[in-house]
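Going by my numbering, the sequence shown opens with residue 408, and the numbers climb by one from there.
To be clear, the hints were calculated from the coordinates, so they are not data collected in a lab.
Worth double-checking, as some hints may not be accurate.
Claimed, not checked - Each computed EDC-like pair below joins lysine to aspartate or glutamate, with the alpha-carbon atoms no more than 16 Å apart: (1) 674 with 684; (2) 674 with 586; (3) 633 with 684; (4) 721 with 735; (5) 430 with 518; (6) 674 with 704.
Unchecked claim - Listed next, with one range per pair, are the computed distances between beta-carbon atoms: (7) 538 with 626: 39 to 47 Å; (8) 579 with 630: 13 to 21 Å; (9) 740 with 551: 23 to 31 Å.
No residue lacks a Cβ here, since even glycine has one placed at the ideal position from N, Cα and C.
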Amino acid sequence: MNDTPIRLLYIDDDRALSRLVEKELCRHGYDVTCAPNGDEGLDLLRHGDFDICALDHYMPGREGLEVLPEILSLPEPPAVVYVTGAQEGRIAVAALRAGAADYVIKDVSEDFTSLLRSALEDALLRRRLERANAEAQEQVRLARDRAEAMLREVNHRVGNSLQLVSSFMSLQLRQLGDEGARSALREAQARIEAVAHVHRRLYTSGDMARVAMDEYLAGLIDELGKSVGPDGKGPSIALNAQPLSVSTDQAVSLGVVVTELVTNAVKYAYGPSQRGEIRVILEADGDHRALLTVEDDGPGLGDGTPKGTGLGGKIIAAMASGLRSAVEFDPAHRGVRARLAFDL
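Start from the sequences, fold in the hints, and give me the full structure.
Next comes the structure, spelled out in structure tokens:
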């Protein structure tokens with residue numbers, strides 16, 4: 408084991424056997440203390456420091472099975488090896504179920520002390536391995552908590568930085584008179600907000616790796632509704648999202664896609680101040696697949712190609728490619744229906 412004496416408390420009313428245990432085990436580097444009954448043994452354990460305990464079953468006053476739970480309920484109990492008679496397998500099993508580390512058959516031969524020493528050392532080794540494992544798990548937990556705290560702080564700072572950029576854009580918008588420049592700046596601001604919203608969710612969430620898309624889309628669409636129709640005269644945006652969880656990267660890509668498609672629908676599906684509805688739908692699509700749909704009831708694509716400068720289309724294609732997918736348009740729909748299927 409090691410050069411430090413193993414501190415053993417041997418609880419047994421058989422004084423002759425106790426002396427034999429003390430004599431034999433002291434030769435093998437043990438520091439043996441004997442107690443004649445369970446109550447004295449408990450008192451020694453409460454006030455002493457022992458590595459391990461051997462507990463006899465039959466003793467005056469209280470049997471070992473009555474004393475064992477009290478030993479194990481001590482603040483830092485030692486491992487307990489139970490000592491019982493040769494024909495008492497039932498008692499040995501009961502002791503193991505009650506928390507004993509091992510048991511030894513009691514007799515007066517030299518084999519008893521050898522078997523007892525072997526059981527004691529096995530129990531000590533298991534206890535040390537258990538403690539080492541518990542300490543390692545605690546270190547892993549602390550490292551994980553530190554990493555999550557750092558990641559949460561990073562997401563917080565990224566979210567704040569993106570919000571600061573968005574605020575600068577708002578200030579710039581107030582200085583611009585050209586409506587084309589204002590529209591382009593608003594679209595860029597919406598894209599930044601889509602990414603910032605992911606980071607805001609991450610630093611307020613207990614899960615740093617996954618994003619609840621139904622909750623994320625609810626917040627994103629609320630912000631889009633305020634930006635595309637601040638006066639309440641624009642189209643309404645309806646969300647129907649099943650509770651699906653995606654990775655952080657997927658959430659960013661999906662958020663940008665939704666932002667682009669909703670912005671396009673606001674610009675091209677309905678006339679100025681025209682009422683209408685834009686629907687965003689997220690649903691499961693078979694095992695480990697999901698389907699994102701953004702649709703409106705406008706005039707449709709006309710010649711079959713999206714309108715605008717083409718920048719939004721390139722952004723949508725890039726985001727969809729990151730999801731190993733592509734946006735498809737449904738020609739049978741009266742307005743525009745864009746669909747994006749992706750793996751969860």
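Here's how the hints hold up against the structure:
Taking the CA atoms of residue 674 and residue 684, the gap is about 13 Å. The hint holds against a cut of 16 Å. Between the alpha carbons of residue 674 and residue 586 the distance comes to roughly 13 Å, so the proposed pair stays at or under 16 Å and holds. Proposed proximity of residue 633 and residue 684 is supported: the alpha carbons are some 15 Å apart, at most 16 Å. Under the criterion of a C-alpha separation no larger than 16 Å, the hint pairing residue 721 with residue 735 is consistent with the structure, at around 14 Å.
The straight-line distance between the Cα atoms of residue 430 and residue 518 is roughly 14 Å, inside the 16 Å bound, and the hint therefore holds. Of the supplied pair hints, the one linking residue 674 and residue 704 holds, its CA atoms being roughly 13 Å apart against a limit of 16 Å. For the pair residue 538 and residue 626, the beta carbons lie near 46 Å from each other, so the given range of 39 to 47 Å is met. A C-beta distance of roughly 19 Å is found between residue 579 and residue 630, which places it inside the suggested range of 13 to 21 Å.
Range check, residue 740 to residue 551: about 47 Å between beta-carbon atoms, so the 23 to 31 Å window is missed.
In the structure shown, a violation is registered for the earlier hint numbered 9 alone.
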